[in-house]
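Chains as they are written, first to last, in the working numbering: chain V, 1 to 421; chain C, 422 to 931.
Hints in this document: simulated from the structure, not taken from any laboratory. Take the hints with a grain of salt, since some may be wrong.
[Claimed, not checked] Within a straight-line C-alpha distance of at most 30 Å, the following computed DSBU-like cross-link-like pairs (lysine-lysine) qualify:
1. V:Lys366 to C:Lys772
2. V:Lys413 to C:Lys830
3. C:Lys746 to V:Lys307
4. V:Lys309 to C:Lys746
Bear in mind that the values here come from a model prediction, so they are computed numbers and not experimental data.
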Amino acid sequence: MSSSTTPANVEVGPAGTPGEQRPPGRLNLGSLSVNIRQSGIYIAFALIVLLFSVLTDGALLQPQNISNIIVQNSYILILAIGMILIIIAGHIDLSVGSVVAVTGAVAAVLMVNYGVPWPVALLLTMVVGGLIGAWQGFWIAYFGIPSFIVTLAGMLLFRALTLTVLGNQGIGPFPDAVRTLSNGFTDGYLGNVGLGPLGGADLFSLLVGLIAIAGMAAAQWRTRAARAGYGQSVDPLPMFALKLAASAVLIMAVVVQLARFRNLPWVLVLLAALVLGYSLLANRSVFGRRIYAVGGNLQAAVLSGVKVKSVVFWIFVNMGVLASLAGIIFAGRLNQAGPTAGNSFELDAIAAAFIGGAAVQGGVGKVVGAITGGLIMGVINNGMSLIGSPSERVMLVKGAVLLAAVAFDVWTKRRAGAAAR
Amino acid sequence: MTDSILHMRGITKTFPGVRALQEVNLSVRRGEIHAICGENGAGKSTLMKVLSGVYPHGSYEGEIEFDGELCRFGGIKDSEDAGIVIIHQELALCPQLSIAENIFLGNEQAERGLIDWNRTNHQAALLIRRVGLAESPVTQIADIGVGKQQLVEIAKALSKKVKLLILDEPTAALNDQDSAHLLDLLRGLRDEGITCVIISHKLNEIIDISDSITILRDGRTIETLEMAGGQVTEDRIISGMVGRDLDNRFPPHEPRIGEEVLRIEDWTVHSPSQPERRVVSGANLTLRRGEIVGLAGLMGAGRTELAMSVFGRTYGVGISGRIYKDGRQVEIRNVQDAIRLGIAYATEDRKRYGLNLIEDIKRNISAVGLGTRLSRRGWVNENEEYRVAEGFRRSMNIKAPGVQSIVGKLSGGNQQKVVLSKWIYADPDVLILDEPTRGIDVGAKYEIYTIINQLADEGKAVLVISSELPELLGLCDRIYTLSQGRVTGELPRGEATQERLMYHMTSGQE
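With the rest of the complex left out, here is chain V (with noise of 0.2 Å):
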């Protein structure tokens, strides 16, 4: 970091060279501009979060509403993450609400009617998850029907398993450990613990909240040490405590003020695992790389050896398991499995994908990213239904978010291929 003459730690972009004896305004500027046009989309969530605690007079950020936004959304958030590694291959998935609804018939069946231990249930679900993601990737994959057809016949196909498996009508009630998983809390296993003006908060939560905070500014001191031990370009100093700072103040308010409502909800520690580990499969793996590489440039990555129909097929039988989990929690959150449980979850899910940066033509995209488009979503229809906005309009603003996510990165793409040229 100290030397930055070597042309390692030239960042592309407008900034030009960081000089040495270029003043720390000028700097932190620079790399502030670069990181506006990388993170457009935490940036316009902050934004709309704003938008609407003002439009709600603060209410949006109430413990019990951000309690709300966590689990009303969480479903769609799992299918995000399934979602986003299928964009990123370059291919799609139509059938995830079918999916969904299926799956949460098979728990429903498995559980109410034959009385099978809940989490041998769950087991078997998402084994059936994974056989329909197997069998979509089959016909993707290596008998090579584009994903958009397979995954159409497979919206209609299970939609109608669905109905048979039901009947035609919801069954339920599901055991209480599946509900306390989609709907549930931990307990205040330590007691409450006042917060002055706050009010009492629940210690417990509290302390997951900083040993969660610590446990990220651990790795990513870590990271950062190992990168410059490598002499790869790493923030300086005070921009690196900033970001770590304004992520540890984030993530301690959300904490707060859901310790004060009823603790952690389950789902989101189940999500803040699924986040953390499937980041790190698109990141750091082999197999996440690969998932990159086919979708950036499928013969290239076929002529590198990849083994691009297993990477393909094996994306599917994934989502399909993510999907059987969203449906286990959907169905729990509801206590029965009905016939039109998960309708248009998978334009939510593709909508989430979209609206956080990845590219239509593949190989673009993050798990994060997703998730932001899913809050993003939430966050509107949670936002507008505060301020009493009918559904065609929440609707409405849905549909025009989307569009202008994606012109966005149109544009900016397009902006940076003529600069380039």
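Fit chain C to the given chain V structure using the hints.
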């Protein structure tokens, strides 16, 4: 300089951060064939885009005078109305439409909004005959070869009452026969009074056909050479293009040849689109350690098909024959097998088949070695990946700000270095390099040759496929010739000449 059809004066075109053209002047006489030469990045294409209105008036400085009038083109439509038509290197034809439909695309022969098919096909037939194409106007573009497609493009230009025809690398994808036909056609058009501006890397063709040559270098006009005297040689043009006398286009190399590493016997491959047609038949090849072997052949001789069928059966059906690696017979069913056996293949079309253009240098270089050399239990060591990529960036002299630079924004030569780095990192014993210097400027070519020599010195066997015979002669220790899928000759360095190679490359052709 009596009757000039075109004057471009003081053309300056800047992109953010780059001055692509600087005070460029170009004068073209009416009814001549005028060639524009320069290394890649010299500004040839930019200049032609200015001329044809791709970059509209106002986005550049300087003036264009065409046919006696000062022109301010707002787009391609304007320049076409004035009689300037540009035919790009990548042909702009719709493969599923007929020849006639393509000729009149955007210029439909219609009556009150309805297309008059009789007139369309009749006029297309006349144009097709004029360019010497023996096809029916209703034939689909997909069913005719690249050479004929090029002629369709010219017919399309003629349909627009062209006065100045610009051809960007028209023969790059053509075999010698089709090239010769195309050049004849251009001469014919010149006699009819149509002026041509031609951009080409093939200097022998340029010398053959053009009346004058303008040389660009680094966005400036260097000189205009008159061909009438017959004094201008290839070396003369090259020295203008590179700004120095090129005594040595190839780095010196003393081969140290070891034992056999790869042997291919009785290799036969059939075409996937016509399974009864043999693309390669009964080919035998041997590669030895430390040896650079050339594979010469005309377009369509089966060079790439041979290489790709060996490289994990990535081309062809009904493949038969035997492959021996280090004396042991091996079975190569897919790319993974080939890589495991230490065989690498760097494709002739790096943008389509060689690189992930939207990713950075680092991830492209690691693409092959990722699973075996950069990961443990499926997890990538990203710091090691960075170190490796940075090492290649320095040793291969890849000109980019850093290994996080996006590969799609690099020049052709630097992209090729990324492809080579990717395969070198996989540490193969055999490297098959398909047209390793295609579309690369002279300076970068020299660097690529040096890299190839180094690979041989490290004991690797290198098979170079190239359409440029001087390249094969300057680089290879031994050269195979391929004609219609058969190996027709094998010449050691001392015996190989362009004439001999060409003799073997055309043997067996009617």
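Quick rundown of the hints versus the structure:
1. Restraint check for V:Lys366 and C:Lys772: the C-alpha separation of about 24 Å stays at or below 30 Å, so the hint holds.
2. A hinted pair counts as satisfied when its Cα atoms are at most 30 Å apart, and V:Lys413 with C:Lys830 qualifies at roughly 12 Å.
3. Distance restraint check for C:Lys746 and V:Lys307: the Cα-Cα separation of roughly 23 Å lies within the 30 Å cut-off, and the hinted pair is therefore satisfied.
4. Note on V:Lys309 and C:Lys746: the hinted pairing holds, with a Cα-Cα distance of about 27 Å set against a maximum of 30 Å.
The earlier numbered hints are all upheld by this structure, with none contradicted.
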